[in-house]
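S.K.: Could you put together the complete structure from these sequences and hints?
Taken in order, these protein sequences are the chains called A and L.
The opening position of the first sequence corresponds to residue 1 in the numbering used here, with each subsequent residue numbered one higher.
The opening position of the second sequence corresponds to residue 1001 in the numbering used here, with each subsequent residue numbered one higher.
Hints listed in this document are in silico derivations from the structure and should not be mistaken for laboratory results.
Computed from a predicted model, the values in this text were never measured in an experiment.
All C-beta atoms, glycine included, are put in the ideal place defined by N, C-alpha and C.
Just so you know, not all the hints are guaranteed correct.
To be verified - If the Cβ cut is set under 7 Å, some of the chain L residues that face chain A in the computed set are:
#1 T1002
#2 G1020
#3 L1022
#4 N1032
#5 G1039
#6 Y1062
#7 I1125
#8 Y1144
#9 W1145
#10 H1169
#11 R1172
Unchecked claim - Just the calculated beta-carbon pair ranges, DEER-fashion:
#12 L:S1149 <-> A:T12: 32 to 42 Å
#13 L:S1162 <-> A:R64: 17 to 27 Å
#14 L:E1046 <-> A:I71: 17 to 27 Å
#15 L:S1162 <-> A:W157: 50 to 60 Å
#16 A:V14 <-> L:E1151: 19 to 29 Å
#17 A:T67 <-> L:A1130: 56 to 66 Å
#18 L:V1116 <-> A:G159: 56 to 66 Å
#19 L:S1149 <-> A:R32: 24 to 34 Å
#20 A:H20 <-> L:E1177: 18 to 28 Å
#21 L:T1160 <-> A:T149: 49 to 59 Å
#22 A:T75 <-> L:E1046: 26 to 36 Å
#23 L:A1042 <-> A:T67: 22 to 32 Å
#24 L:T1002 <-> A:D10: 28 to 38 Å
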Amino acid sequence: MSARLDARLDGTHVALLEEHLATCRACLAQWRRMQALDGLLAAAPMVRAPVRLRVQMMARLERRERTRRAIIGSTTLVLGTVTLALLVLAPAAFNLLSATGIAPALISGGPETLAQLLALLGAIGRTLLVLAERLAVPLALLSLCGLATAAALNSLWIGAVRRLSTAR
Amino acid sequence: MTDETEEIRMAQAGDQSAFGHLVTAYQTPVYNLAYRMLGNAAEAEEAAQEAFLRAYTSLRSYDPQRPLRSWLLSITSHYCIDRLRRRRLTWLSLDDEESVEPERLASDCPDPETVVAQQEREARIQQLLATLSPTDRATVTLRYWYDCSYEEIAETLHLTVSAVKSRLHRARCALAETVEGKMNYAL
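M.R.: Shown next as structure tokens:
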């Protein structure tokens, strides 16, 4: 019956169905119910979208894109700053590790490693304090330079993305 | 290359204005599906917006060989099915829901009696649809309001063609029983 309503039955099956309906009152009643339902649903019109739907959707899209750009920009800024800081501090950290003997102790291992490590951690703490005292101004300047570079790279990146979007 | 194909290509490249044109072209089919599925104008509006946002996000994965309407209806129906399943826990009866009457396409300023009759018929149809499971509801909606073939419904809802036939038959039988039951009750 369902296939008949959708015009998916071939002539043979349509004839068979009609033949059966002519003799079976229960199926005929069911067929009439399904036809009534079919008529009810087929006559129901499409519901028109409200005019504001497009405007509100585009506003949501714009807000979401702004948020996405801000998140990507901030992430780039943080990653840029961290990378620059690592590049600046890596040689100093390597020298510190070598000078204080942490690297050899970690490499060779052994029972006395833990005690050495603790002693060396103390040494690192003391060294960092000395370094902080002596390098406070240069480090602050370096951090500022890192932030400025990351901000510049970030704005260049956003500009490039915008130009590419417009060009396309 | 058709205008729509060009707009899709531009939208895929991030052109929001081109996407806006696609929204204008498809907002009524998407909204109607959401309304038929959810039975509430306010929820349907929110769902249609969300469906378009999801479409924009996954536009790069859209296969241009497939009709855009079918792809958008697929996103909308899946979103509405998920929403209906989540709603089960906090379900309100249709009588309790805010009844915001949506606009209809086939209404050329009819007289008040016709409007009332239309509204009653609409309410009856939505009550009938609400008795179906979310997937059956989507199947019936795609068949009656979008004239989709079994194959198109199967592709849209990620079902097999035989599952579509079976769901459609089962839904029609259930709805026919409900219609008759309501008529007897009314008498």
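S.K.: Which earlier hints can't be squared with this structure?
M.R.: Hints 1, 3, 5, 6, 12, 13, 17 not satisfied by this model.
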